[in-house]
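J.: Residue numbers (this note's numbering), protein chains in the order written: chain A, 85 to 331; chain B, 85 to 331; chain C, 85 to 331; chain D, 85 to 331.
Careful, some of the hints might be misleading.
Copies of the same chain look alike in the list, so a pair counts if it fits in one copy or across any two.
What the hints assert, rightly or not - In silico SDA-like links for lysine to any residue, alpha-carbon gap of 25 Å or less:
| # | residue 1 | residue 2 |
| --- | --- | --- |
| 1 | K176 | E150 |
| 2 | K92 | L232 |
| 3 | K202 | Q291 |
| 4 | K92 | P330 |
| 5 | K263 | D130 |
| 6 | K92 | S308 |
Hints are computed from structural coordinates only; laboratory data are not their basis. Keep in mind that this is a model prediction, so the values were computed, not measured.
There are 4 protein chains.
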Amino acid sequence: MAGNSFGKHFQLTTFGESHGPAIGGVIDGIPAGLVIDLEAIQSELDRRKPGQSKITTSRKEEDICEFLSGLIEIDGSIKTSGTPIGFQILNKDSKSKDYSHLENTFRPSHADFTYSEKYGVRSVAGGGRSSARETACRVVGGAIARQLLSHVEGVEISAYVERVQDICMPNAPAYYSRKEVDESMVRCPAVDISNRMIQRIEQIRDQGDSVGGAIVVVARNVPSGWGEPVFDKLNADLAKGLMSIPA
Amino acid sequence: MAGNSFGKHFQLTTFGESHGPAIGGVIDGIPAGLVIDLEAIQSELDRRKPGQSKITTSRKEEDICEFLSGLIEIDGSIKTSGTPIGFQILNKDSKSKDYSHLENTFRPSHADFTYSEKYGVRSVAGGGRSSARETACRVVGGAIARQLLSHVEGVEISAYVERVQDICMPNAPAYYSRKEVDESMVRCPAVDISNRMIQRIEQIRDQGDSVGGAIVVVARNVPSGWGEPVFDKLNADLAKGLMSIPA
Amino acid sequence: MAGNSFGKHFQLTTFGESHGPAIGGVIDGIPAGLVIDLEAIQSELDRRKPGQSKITTSRKEEDICEFLSGLIEIDGSIKTSGTPIGFQILNKDSKSKDYSHLENTFRPSHADFTYSEKYGVRSVAGGGRSSARETACRVVGGAIARQLLSHVEGVEISAYVERVQDICMPNAPAYYSRKEVDESMVRCPAVDISNRMIQRIEQIRDQGDSVGGAIVVVARNVPSGWGEPVFDKLNADLAKGLMSIPA
Amino acid sequence: MAGNSFGKHFQLTTFGESHGPAIGGVIDGIPAGLVIDLEAIQSELDRRKPGQSKITTSRKEEDICEFLSGLIEIDGSIKTSGTPIGFQILNKDSKSKDYSHLENTFRPSHADFTYSEKYGVRSVAGGGRSSARETACRVVGGAIARQLLSHVEGVEISAYVERVQDICMPNAPAYYSRKEVDESMVRCPAVDISNRMIQRIEQIRDQGDSVGGAIVVVARNVPSGWGEPVFDKLNADLAKGLMSIPA
Numbered sequence: 085m086a087g088n089s090f091g092k093h094f095q096l097t098t099f100g101e102s103h104g105p106a107i108g109g110v111i112d113g114i115p116a117g118l119v120i121d122l123e124a125i126q127s128e129l130d131r132r133k134p135g136q137s138k139i140t141t142s143r144k145e146e147d148i149c150e151f152l153s154g155l156i157e158i159d160g161s162i163k164t165s166g167t168p169i170g171f172q173i174l175n176k177d178s179k180s181k182d183y184s185h186l187e188n189t190f191r192p193s194h195a196d197f198t199y200s201e202k203y204g205v206r207s208v209a210g211g212g213r214s215s216a217r218e219t220a221c222r223v224v225g226g227a228i229a230r231q232l233l234s235h236v237e238g239v240e241i242s243a244y245v246e247r248v249q250d251i252c253m254p255n256a257p258a259y260y261s262r263k264e265v266d267e268s269m270v271r272c273p274a275v276d277i278s279n280r281m282i283q284r285i286e287q288i289r290d291q292g293d294s295v296g297g298a299i300v301v302v303a304r305n306v307p308s309g310w311g312e313p314v315f316d317k318l319n320a321d322l323a324k325g326l327m328s329i330p331a
Numbered sequence: 085m086a087g088n089s090f091g092k093h094f095q096l097t098t099f100g101e102s103h104g105p106a107i108g109g110v111i112d113g114i115p116a117g118l119v120i121d122l123e124a125i126q127s128e129l130d131r132r133k134p135g136q137s138k139i140t141t142s143r144k145e146e147d148i149c150e151f152l153s154g155l156i157e158i159d160g161s162i163k164t165s166g167t168p169i170g171f172q173i174l175n176k177d178s179k180s181k182d183y184s185h186l187e188n189t190f191r192p193s194h195a196d197f198t199y200s201e202k203y204g205v206r207s208v209a210g211g212g213r214s215s216a217r218e219t220a221c222r223v224v225g226g227a228i229a230r231q232l233l234s235h236v237e238g239v240e241i242s243a244y245v246e247r248v249q250d251i252c253m254p255n256a257p258a259y260y261s262r263k264e265v266d267e268s269m270v271r272c273p274a275v276d277i278s279n280r281m282i283q284r285i286e287q288i289r290d291q292g293d294s295v296g297g298a299i300v301v302v303a304r305n306v307p308s309g310w311g312e313p314v315f316d317k318l319n320a321d322l323a324k325g326l327m328s329i330p331a
Numbered sequence: 085m086a087g088n089s090f091g092k093h094f095q096l097t098t099f100g101e102s103h104g105p106a107i108g109g110v111i112d113g114i115p116a117g118l119v120i121d122l123e124a125i126q127s128e129l130d131r132r133k134p135g136q137s138k139i140t141t142s143r144k145e146e147d148i149c150e151f152l153s154g155l156i157e158i159d160g161s162i163k164t165s166g167t168p169i170g171f172q173i174l175n176k177d178s179k180s181k182d183y184s185h186l187e188n189t190f191r192p193s194h195a196d197f198t199y200s201e202k203y204g205v206r207s208v209a210g211g212g213r214s215s216a217r218e219t220a221c222r223v224v225g226g227a228i229a230r231q232l233l234s235h236v237e238g239v240e241i242s243a244y245v246e247r248v249q250d251i252c253m254p255n256a257p258a259y260y261s262r263k264e265v266d267e268s269m270v271r272c273p274a275v276d277i278s279n280r281m282i283q284r285i286e287q288i289r290d291q292g293d294s295v296g297g298a299i300v301v302v303a304r305n306v307p308s309g310w311g312e313p314v315f316d317k318l319n320a321d322l323a324k325g326l327m328s329i330p331a
Numbered sequence: 085m086a087g088n089s090f091g092k093h094f095q096l097t098t099f100g101e102s103h104g105p106a107i108g109g110v111i112d113g114i115p116a117g118l119v120i121d122l123e124a125i126q127s128e129l130d131r132r133k134p135g136q137s138k139i140t141t142s143r144k145e146e147d148i149c150e151f152l153s154g155l156i157e158i159d160g161s162i163k164t165s166g167t168p169i170g171f172q173i174l175n176k177d178s179k180s181k182d183y184s185h186l187e188n189t190f191r192p193s194h195a196d197f198t199y200s201e202k203y204g205v206r207s208v209a210g211g212g213r214s215s216a217r218e219t220a221c222r223v224v225g226g227a228i229a230r231q232l233l234s235h236v237e238g239v240e241i242s243a244y245v246e247r248v249q250d251i252c253m254p255n256a257p258a259y260y261s262r263k264e265v266d267e268s269m270v271r272c273p274a275v276d277i278s279n280r281m282i283q284r285i286e287q288i289r290d291q292g293d294s295v296g297g298a299i300v301v302v303a304r305n306v307p308s309g310w311g312e313p314v315f316d317k318l319n320a321d322l323a324k325g326l327m328s329i330p331a
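In isolation and in its complexed conformation, chain A is listed as follows (with noise of 0.2 Å):
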């Protein structure tokens, strides 16, 4: 296994380079008879793609999620059927052209240099495997995972951004419903905090640099006893997830 596979009972295994023909992923051990709402998913995906505000990057991606196996129609709502869901979001704009200029060169601050020297095959397009597009597929198996969740426990989890700089909600971290945190444009959901970080970040990147902050995420409803005892603690493996994601 060479780490494309997260989970034990739950496995997401990935698989899609930034500029091949697609992305996607397969879900394995996901129980049969869950209703699934495909929409929520999408809407998921929706959040994640860049350029959706002023003070992200503007390149613009439509992540549509295809789903092709593992869902069954039934009396008219979609079921899990207990087989592995198998996904892609196909790749729009696939095109090399634009990144030739990298052909001999390392971009400072990403894993074009790691890559080269592991695998002695370079992927010169938009970072290949190691795109940041990488983690849409987490966010299809999150999101299958979060109604999963949601379904059989009543575990509810949310995110927000708590810190940019050193412009920090006074709050201690709490759970803020979808809506909230959406409705401010950097996520943080105190309106006077979110835009002071808004006017900070347009600050700096107006510098020509960027800028670091602090999320918070919170799980209600979790039930004692989850996670194992030793190597697998529940903590371990969160911060074993939090960490992978590139960043």
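Guided by the hints, dock chains B, C and D onto chain A, whose structure is given.
T.: Positioned in the frame of chain A, the structure of chains B, C and D alone reads:
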């Protein structure tokens, strides 16, 4: 994990039902820089598909394997990039019409009943995930594994039908080339035995029955020391692989 | 992983060479609160050990299984605590003296040569890791698995020798109790057949040879739906387990 | 699998409760022929044990690691044989007397409650499996991994305490030798900072409280390309490992 993956270092994960949009898979763990012969893969798929001769079932399938990731064109040849190889085979005729008579019954010697018991959800169409069509994805994985073994270690693998009912080749197991094997409609490389086998199969088929047999698989140039010593012995993994083929 | 583990949910990892300080293992994934009958485990170990009857090899081993973790005494009975069960079986006579004649040679039909090729390091003593003694750890794992299956699902498993060379029980495969099977020195529950088998074995042994046979394993009360549908079919996993036994 | 294993190629499985007969583990996947320095392993265990200095808890443990398999003496040096390394550390004082006051209560900030909820069975004695004593097995696994990395790739790893509360080394992260680090009772290689840390800890301890800090781990000579590209990034696996340590 729900058993849709095979292998540790070279791992094939498959998905897909016989009458959904597509079947496919992901191959993880393949080294970078391996030249891949796409035509050889397709020719193995063509060889698998039913309806090729007058002595087997006559259903016509055309399985075209599309590769979605993991391959890159370098200096005119297709090479692996070290990232997972995602692929799909579209189901050409995925309408479920012709199985409606099975809605309230189970076919004998099929996995329909077991699936129904295990998942509580039934895919009436053509066996769903348990369809022998799933083996097309194994053929793709196997064809790539064969190229890897051949390029890297010079290992060559060949198989043929040695016995049909009591009609058996007198020869000891040996390596026969693909060409020698494929000249026979039953894939028995001894011409006279092959003819008797075909006669027997037609005779049994005319009685409305089918008949069993035995195959021989020969691998040559296998280096000593392959396989692991205790549970993952080479023989043990081969036995598992063979027994997992639907038949 | 180098193949010293078996199973996914209930996983046995084993260690130990025939002439080191001890052999042993770790069982992970067993549910908490299961009552464990330690005597039944020891009796299965006693049943495995060579030298029990005049018709097999006469080496005397006394395999006492010591449990190091995972069990807890509650209200007078031993129960699993949900943590991994570590166990060891000391090698009583672990001196390597009697194998020095093998230092420059390899025994036919043993794994000595393969180990030497694979690892470049040779444990001359008694087969090292490839010794059939390794199966004692499987017996411990299997005895606990048997208790788990019996307590939780009422599954009962029994095995017997059905055939020795051409001497074969005429009966269809059936469930025989441990008592019925163990009354026969060759573990064939049909008295007359058993006697003929013993005669044959002694006759062959007197000629300086040994002889093969066939066993039947019967599991009853198995719920439908066990095993996974594609690669990890129940039959496939059983085949792998059987083929991994050194013989 | 219930989370008692860590690693894929080099895999450590651990077992054992703080007050059972022994704790221990199995290391699978280590190459054959590696010279192992047993004293170095024991010295790392000695370094882990509590009660070494007047500023930490005073419980006295003597952890002697016994190796049960996987090692072989060749020409006067201990080498790996390629088979799994089994080891155990006996619990010297495994009586459960001193925890009876906990039978009807749960200690704050310990895993007792969670275990009770998860398993329904409670090991009252000293935290059972969740005891920090479990880390002794990680120390053995880590000490062997360190020797493997050092012999095979020249990788050297060192760690030190950089900060206690607000007392922080001003230096950038750097590699300090074991000797330099161990000269300080708090393992901070800057003498003056170390003294201030010790003062602070004693002061806080006199108030009946304890205090946090930060450590720095430095690995040098790490080849480029280690870790896997997507989910199993090196950083992600390190984060999981760190977060799985009980603290």
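J.: Which numbered hints does this structure break?
T.: 3
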